[in-house]
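**Q** For the protein sequence lines, the chains are A and B, in the order given. Counting from 58, one number per residue, gives the positions in the first sequence under my numbering. Counting from 58, one number per residue, gives the positions in the second sequence under my numbering.
Everything labelled a hint here was simulated from the structure, so no lab data went into it. For clarity, every value in this text was computed on a predicted model and none was experimentally measured. All C-beta atoms, glycine included, are put in the ideal place defined by N, C-alpha and C. Warning: the hint list may mix true and false statements.
Said to hold, decoys possible - Covered stretches of chain B (chain A as the covering partner; in silico rule of three or more C-beta atoms under 8 Å from a C-beta of chain A):
(1) 81-95
(2) 147-160
(3) 163-177
Protein chains: 2
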Amino acid sequence: MRERLEDVRAQVQTALEEAMAALPEGELTDAMRYACIGGKRIRAFLVMESARLFGLRDKESLPVAAAVEALHAYSLVHDDLPAMDDDDLRRGLPTVHVQWSEATAILAGDALQSLAFGLLTDPVIGAPDARLALVRLFADAVGARGMVWGQVLDIAAETAVEPLDLVAIKRLQQAKTGALIQFSATAGAIMAGEDAGPLADYARHLGLAFQIQDDILDVTGNEQDTGKRIGKDVAANKATFVSLMGLEGAQDKARKLARAAEAALEPYGEAAGNLRDLARFVIERDA
Amino acid sequence: MRERLEDVRAQVQTALEEAMAALPEGELTDAMRYACIGGKRIRAFLVMESARLFGLRDKESLPVAAAVEALHAYSLVHDDLPAMDDDDLRRGLPTVHVQWSEATAILAGDALQSLAFGLLTDPVIGAPDARLALVRLFADAVGARGMVWGQVLDIAAETAVEPLDLVAIKRLQQAKTGALIQFSATAGAIMAGEDAGPLADYARHLGLAFQIQDDILDVTGNEQDTGKRIGKDVAANKATFVSLMGLEGAQDKARKLARAAEAALEPYGEAAGNLRDLARFVIERDA
Numbered sequence: 058m059r060e061r062l063e064d065v066r067a068q069v070q071t072a073l074e075e076a077m078a079a080l081p082e083g084e085l086t087d088a089m090r091y092a093c094i095g096g097k098r099i100r101a102f103l104v105m106e107s108a109r110l111f112g113l114r115d116k117e118s119l120p121v122a123a124a125v126e127a128l129h130a131y132s133l134v135h136d137d138l139p140a141m142d143d144d145d146l147r148r149g150l151p152t153v154h155v156q157w158s159e160a161t162a163i164l165a166g167d168a169l170q171s172l173a174f175g176l177l178t179d180p181v182i183g184a185p186d187a188r189l190a191l192v193r194l195f196a197d198a199v200g201a202r203g204m205v206w207g208q209v210l211d212i213a214a215e216t217a218v219e220p221l222d223l224v225a226i227k228r229l230q231q232a233k234t235g236a237l238i239q240f241s242a243t244a245g246a247i248m249a250g251e252d253a254g255p256l257a258d259y260a261r262h263l264g265l266a267f268q269i270q271d272d273i274l275d276v277t278g279n280e281q282d283t284g285k286r287i288g289k290d291v292a293a294n295k296a297t298f299v300s301l302m303g304l305e306g307a308q309d310k311a312r313k314l315a316r317a318a319e320a321a322l323e324p325y326g327e328a329a330g331n332l333r334d335l336a337r338f339v340i341e342r343d344a
Numbered sequence: 058m059r060e061r062l063e064d065v066r067a068q069v070q071t072a073l074e075e076a077m078a079a080l081p082e083g084e085l086t087d088a089m090r091y092a093c094i095g096g097k098r099i100r101a102f103l104v105m106e107s108a109r110l111f112g113l114r115d116k117e118s119l120p121v122a123a124a125v126e127a128l129h130a131y132s133l134v135h136d137d138l139p140a141m142d143d144d145d146l147r148r149g150l151p152t153v154h155v156q157w158s159e160a161t162a163i164l165a166g167d168a169l170q171s172l173a174f175g176l177l178t179d180p181v182i183g184a185p186d187a188r189l190a191l192v193r194l195f196a197d198a199v200g201a202r203g204m205v206w207g208q209v210l211d212i213a214a215e216t217a218v219e220p221l222d223l224v225a226i227k228r229l230q231q232a233k234t235g236a237l238i239q240f241s242a243t244a245g246a247i248m249a250g251e252d253a254g255p256l257a258d259y260a261r262h263l264g265l266a267f268q269i270q271d272d273i274l275d276v277t278g279n280e281q282d283t284g285k286r287i288g289k290d291v292a293a294n295k296a297t298f299v300s301l302m303g304l305e306g307a308q309d310k311a312r313k314l315a316r317a318a319e320a321a322l323e324p325y326g327e328a329a330g331n332l333r334d335l336a337r338f339v340i341e342r343d344a
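Chain A with its partners taken away, still in its complex shape (with noise of 0.2 Å):
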């Protein structure tokens, strides 16, 4: 699984640079790309591996893995603002706005988006339908019901006097960070015109377990290996998952979600070994 991961990397970094080549050069392609540099990719290889499932090439599905880091990319860069989480380190470099300025940031993270939306028109990906079906998922799964749905959740939390409990915690993440990686995860299905239910369950358990490590990384992690500031929530006194059920609390709760996340690939089989993996790394990884 580790070695599908890198070349899932390699592939992205390749695609992501050739449809960054075709902009003009200057300080907003820069910007762009040196946002997607790193990352640890998950979003795209739970694309191509969702693909795989469906007997898709990793050439049909690339251009969506693609998308997915390209947005991704573009959510990091506009949470990193000052007016945002105010956060000055990222993948291990300097963020965009410090890197640059504000202005290049927005503008970046911006074109990022636009960036994302035309790389899921790539004909290689299939049948017409099949694409309107992701650029209008991925619109939903994006935007005010979903990833920037959870940013308001989340900055509003900042400020709210009682600190959110466990169903609002989930909702919030459910929305940030969960409505991408389903749609990443249930991408292969989409393309196939399949069955996206038992994906669907996947991602969720791994959507989860996913921000309850960070979470945990947040607390146990140190800065070289994560790339970014740690002990940011204990210090904004901000509600996680481990200050609402405790560092062991929240392991077990996330060792329970790896193996649901696990048990719902079973209609897939053998072929679903490396979403399984995944399923582990998640947990057990310590950036």
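With chain A's structure known, arrange chain B on it following the hints.
**A** Just chain B now, with coordinates in the frame of chain A:
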């Protein structure tokens, strides 16, 4: 033509409200709605009138018209941010970041972009291939080769040692406002799968005339009519068509462009009456 513009305005307003009715209630959706209030709706008019030339009904072109207006609204919200043009007045109302916060303005803009792409997938628009062509061309028009690139050039111009010359200012305009105007004016031909050449010519002249008139209004207009701050270009010592050509030179150029825009519509005969009227309206408007 003014009657038709009113009709387009009403239809687009309804379509945008319907699209946003499905979103979670709260500050984000409030800010998105607010950002979509008012405006001349010239882009929507271009979409719906170009669609009419090819026998398409309003019902079919309306989601595309709503998409270009949602996109345009997002671009204004982000352009007005303190890190960009730092404007406090737009369409006669406080800008979104003044009314709410910078974070809300960034996120409302982000979500409006997603919403716009989602609207282009509406099955009522027509064949899947036509909708995909719209998504692809839209992504190009609004991204790092189009609108966002134009905003980058605009910001760069403000800090440049040498003011822009006419060639540079035309390139800026073509990217910043021209690309979306061209998308809008050619949308009907794209939907119908017909040659978009004459409409692209029309849009190029119209877009430039529109920008020149904007520059003229920054000198001769007033805040009550335009709904935005005026005299900003002069105060910032910014190169504009007026500063480079003089007021009379700019007015003369705008008139010539409007006539060239009308001439480009020749292949469509009588049916293009409203688009011809728009070319005159664009240079006669005081708002």
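**Q** Each hint should be assessed against the structure and marked as holding or not.
**A** Outcome of the hint check:
1. 81-95: holds (count 6)
2. 147-160: holds (count 3)
3. 163-177: holds (count 11)
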